[in-house]
Amino acid sequence: MEQGLGEFGERRAIVLAYVNCMWGECGMASQEFFQPLWNGRNLYEPVLARIVEVADETPDVKTFTLELDGGAIDYLPGQFAEVSVFGVGEAPFGISSSPTWTKRTGYIQVTVRAIGRVTNALHRLKVGDYVGVRAPLGNGFPVEHAEGKRVIIVGGGIGLPPLRSLLNYMLDNRERFGKITVLYGARTPADRVYKGELEEWERREDLEYLDTVDIADEEWQRLGKRVGVVTTLFPILDEQSPIDPPNTVAFVCGPPIMIHFVIIELEKRNVPDENIISTLERHMKCGVGKCGHCAIGHKYVCTDGPVFSWAEMKELEWMCAEPAV
Amino acid sequence: MALLLRKERLDDFLQSLDGQLAAPVRLEHGEVHFAINPPVEQILQDSDYVNSTISPVALLFPQTEVLFKFKLNGKPQIELPKEPKPLIIFGIRSCDVAAMRYLEMFFSRKFIDTPFVERAEKTTLISVACQRPGRNCFCPCCAGGPFLEEGHDLQLVDFGDAFLVEVGSEKGMRLIYARGQFFEPAPYELNEQRNKLAEETLQKFEIASHMGTGVRKLTSRAVSDELWRMMAARCIECGGCAFVCPLCTCFDVVDHSLPCSSNGVICGWRERCWDCCQFAGYSMEAAGVNPRPDKVSRFKRRFYHKLSYFYMEMDGRVGCVGCGRCIQVCFGVVDMPAVVNTLREEKLLGARLR
Amino acid sequence: MVSMRTTCGFCGCGCGLYTVSDDNGVIGVIPSDADPVNEGRLCIRGWHVYQPLRNMDRIFRPVAVLNGSKRDVDYTDALSRVAEGLKKFPPNQIGIIGSATSTNEDAYLIAKFGRAVIGTNHIDFPGRSRLMPTLMMLRLLGEGVSMPCTFADLMDADLLLCIGIGDPNRYPQASARIFKAVVEGGHLLLIDTWHSDFAPYASLHISPKPFSGALLLRALAGILDSTIKVPFADEQISSITGVSSEQLRAAADLLLSSKRLAAVYDTASLMHMCSPQCVYELARLIKVLRERGVEWCGILPMVERCNSNGALRMGVAPMLLPGLKSVTDNETAQKACSLWGIDSLPQDVGMGVAQMLSAIENGELKALIIVGDDLLTDVPDEQRLKKVLSKVELLIAISAYRSLLTEAAHFVFPRAIWGEAMGTFVNMEGRMRCLEKVAERLGEARQEWQVLCDIATAMGIKLSYSCSDEVLDELKRLVPEYASIEPDKISNSACLIRERLSHLFDGVMHEEIAAPELPLVSDEFPLLLLVERYYLPWHADTLALHSSTLWREFRLRFTPHVFVNSVQGHSLGLRDGMPALLKTPQGSARVTSVFNEAVPTGIAILPEMFFAQLRGVVGQEKFDELTGTIVYPATVAAMERTR
Ligand SMILES: Cc1cc2nc3c(=O)[nH]c(=O)nc-3n(C[C@H](O)[C@H](O)[C@H](O)COP(=O)(O)OP(=O)(O)OC[C@H]3O[C@@H](n4cnc5c(N)ncnc54)[C@H](O)[C@@H]3O)c2cc1C
Ligand code: SF4
Ligand code: SF4
Ligand code: FES
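Chains as they are written, first to last, in our numbering: chain H, 1 to 325; chain W, 1 to 354; chain E, 1 to 643.
Hints were generated in silico from the structure; no laboratory data involved.
On a predicted model such as this, the values are computed, not experimentally measured, just so you know.
We put the CB at the ideal spot given by N, CA and C, even for glycine.
Mixed in with the good hints, there may be bad ones.
Which residues of chain W face chain H? A partial, calculated answer using Cβ under 7 Å [unchecked claim]: (1) F68; (2) P76; (3) K110; (4) F111; (5) D113; (6) T114; (7) V253; (8) D255; (9) G268; (10) S283; (11) M284; (12) E285; (13) Y304.
Computed spacing ranges between beta-carbons, pair by pair [said to hold, decoys possible]: (14) E/E444 / W/E41: 40 to 50 Å; (15) W/S47 / E/E444: 28 to 38 Å; (16) H/K179 / W/E346: 37 to 47 Å; (17) E/P585 / W/T213: 55 to 65 Å; (18) H/D60 / E/P519: 41 to 51 Å; (19) E/D523 / H/K179: 56 to 66 Å; (20) W/L202 / H/P255: 52 to 62 Å.
In silico lysine-lysine, DSS-like type, Cα no more than 27 Å apart, as pairs [claimed, not checked]: (21) W/K347 / W/K122; (22) E/K180 / W/K204; (23) E/K437 / W/K69; (24) E/K366 / E/K462; (25) W/K75 / H/K103.
Could you put the whole structure together from the sequences, leaning on the hints where they help?
Okay, structure coming up:
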């Protein structure tokens, strides 16, 4: 197969080998999922992408729908994209659309909070403008690992985008997973992203959805909805649908402090470390394991992560003698 | 196979090489830099110099490097850098060859770093084995020299009026095949003499750095927080150690742009520039959280990365080739050998209080 | 790839380096390891000094306000308008504010332009006032003391007396020598309120209470020489300075044990050496030590900016002509007149920066030329600066970057930045350094000497030089002491400037000394809040802000924050890096509390750069009469955690 790949054949083969070894274990690896985005390209050359839709989520969060030059790509929930605003810079964002949705529409989505140079510049862009994209990057969620098991998805604030990708992927492959529970906490009702989708999840029969906010507004109070940090949802869960530890996989994304406390709750309920899956956030630049910014211990969050199990994180902390979360 | 290159033929040999030639030259005030296509008579040969201020690996991974240029006129247009020209680095030292081989491994691991790897593929290293180590050199402690057994394309060993030429790779072999006229077969005894020279050179080193002890101490967590604090106090976070280190690869990526004066179209480029893990902004995250918030944790990170066994497992070697450049640049005498020796003796030179 | 030798343009160390260029411009630097200043080291700023050359966010063309709107204008057009404008004002209504980042050649031309073309002595640069106490000291000490001494001299000393030098990263090349000396067995006597990173390496660290440095030095001198009057009893001194008698004795013993002593102090530290009193006392102490058998003594006053020393020596000061000669010195004035082809020079001492700003406020000064951006850091009170500048009738800025200065200016000329300018600097050792042009200038950027020559010519006074060397030659003719200086002989004493002052100040030692007046802390306000230059000197902030890496590092510090040590912080219920409310009798403000172990208990530090945002809390700054330095009042404060 290597033969006839042309000038960059060797390199592509290495990339494929890498993908194979990364995903071999979960049986997910395939040449077909890894579209030829890297094929023969300069590692740092972004693919042009046109913005086809911009949706306001909250006052400082927008979701961008992008149409990539050269067609759709395949990816895993939890993988991320490096998005460039030319002249300003490049920043990593979790892909918030699901691979199944991308297959249907040909687009990918990222959800971006405006906090700095690149993100603010992105927010100023309009439909029809171009950005650059390098994707998919990172390992993604070990979806296979959760197959046939009870799934608990815990999201905090802007940590939801990769989980939304995961959830939508699971909903599109509903029969492969057990009971799915979504716990979502945000600071205020206005800070909640994907409001339309949240309502839909709440309505769905094949999905258990609980949410809470730290500080309620009038509307929230009127509806009599829950107030408190996301960990306060666990006691409710205990009553409603107790966790069966070895058969449960939890996916946790959000601010580090929230991850910290959620993991404590899960540990209390004896969920094995290997079944607690979270993402690490680090300052990232290249996204391909070269620039060193994201390194923690001997791992690179951009290529070895951003998804790690709690077991891996603990080992990592021990090896590098510094806290990971 | 060993060959002999008479010194009077060296100039002709260098001139016969295709592509750009990078070679060490001495500047007015005495510094040694690698220059591109310098006049042949200015090129330093073996005993004229110890090593260059900055490693020649910077020719392949320069402090700033344009990744691509772009024009924003409707749909953006991206212009990638031109294919690199073939490059021959003459006079590179053993430690830097070892570093280059590490960088090649690093930059093609998992993903292939196009700018570096494209250059590396077209680069040939003609190293000159060291017989006169500098006062800061400690390569024998790090498998970095002074004589190379592997890694070079060609290695020259100085025998007074001639160089013994050792071929280390196919690239080196091809170079010689095409230029047979400059070489003659080397007498067999030279090989033995060469080994003797290598032995003798080993005796000439002034400093040592017990890397093994360092690795052990770090991997087994045998270093007290107090010692880390004391060492980090002397670091002024200049970044120099990372910038001169031929094994350090970290970089930052930035965009620049400006409206073109004639038609207002925005033109710009994206570049990468060296970065250093000792800088506070290096690891600062978007939410304002810094996983390595203080100088001590950053300092620790640097040496864990270079010395801990777990990192070696991934990188295949300690993160040091013993070139000694960090000794020259460090403001606080907390360079690699100083730190390793401090770890070994568990006592920091100069510390007074406590 | 080409490498070119030049000098770092950030701090007063003046490190030698090579820039590396290729088809894409200047792409990096290589430290010079043969240079006696830096011996192959560069600090974070030096490693990134090339980056502003790659930044395109610059002023490319002259800008003028025409009919109320700002627009790019033709160079000659701008010149003739400026010339016309300047002619409308009498000389004593025109002021010039130079920059400590200008080369000597530029500074010389600023001094000459002001005096020979405009006819004013209202010429100054913002950092000048902080150097005045040091100049006085130079005068006081007389023979037998080497000042400034060189970095290499520090290595030869057996005792380093370091006073108020702050963190090691403030003056990197001096710090390197201090650490090296200590590692090689030398002794360090550290007199610094901060428990800086030098402290663990000091043979003795004395941490006097804020502003009590002068008294402490007097007490030390008193121990060594009983004829020196100390108007306080031992216990009083201990309670005022917070230093026990035993510690003082130990310090005195350490000083006496030394044969070769080097004293190092920070001319910009707001709490120690800046006050003239402190400098007098250091001079007194050094004199006593010389009498008590110290064989050699060197003093290194550390300066923040790359060419503060040069600007001062070129005469960018209201009372100085080039060569540190007084404006009232007839001999030099006559020489200048004949060399500059004019009849007379203004004789009265002009206004300094602080006075100029007040004079603008009350309408006495109407036109102002500002070179560079030093004002932005040295007058941190942004609101006041804006208000003052809006009152200027003709404001001309020579600047590379947009800032509130160029916002307010009626005319802006693009300035050549580091790497585009060439000339010489004088570093803190008094060493002449060469600055090379390593990059093509962007747009119509020119060096300030060129702009000033052009303006003069447009005003009808012919002023022109073919290159900066010609400017230097003229300077050498004017100041014979500088004639033999050869800046490119880097490792040779021929590049050291050493002058003796004879006619500047009275040279009288003041006998009276008072205890510092500090507000009293109480249960309600348990902290003493001090404004301090804490961070490493970023010099022209705008230059640092136009390097991508330095910008990133600098930006971390952009939100107003206050330092306390962690023990204090915890006891107040604060959290590191978290929001807090800062309360003082004057008012309150939201800040971030940052834990810093260098800060002594009972003290909170407000970095000077946030003065503008927090001025309501701190109270109005004052000007020190003698030197014109801005003095920040200490105040009591309380801090509490907020959400
Ligand atoms: C794997 C991953 C997935 C992410 N997914 C999302 C997402 O789905 N939605 C979202 O809104 N944000 C996401 N982020 C965070 C996002 O990358 C940062 O908000 C963004 O990089 C900030 O860039 P900026 O240029 O706007 O900020 P800047 O102006 O550059 O900086 C603002 C602050 O962010 C820090 N910073 C700069 N670059 C990075 C970086 N690359 N990574 C982390 N911190 C940085 C700076 O140190 C500074 O403190 C993700 C980050 C990672 C690492
Ligand atoms: S060279 Fe020394 S001072 Fe500079 S960052 Fe490295 S350890 Fe710190
Ligand atoms: S800022 Fe000062 S110490 Fe740092 S490199 Fe420049 S001149 Fe040297
Ligand atoms: S982001 Fe560059 S190494 Fe991970």
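Discussion item. I'd like to know which numbered hints this structure contradicts. Please list them from smallest to largest.
Written reply: 15, 16 and 21
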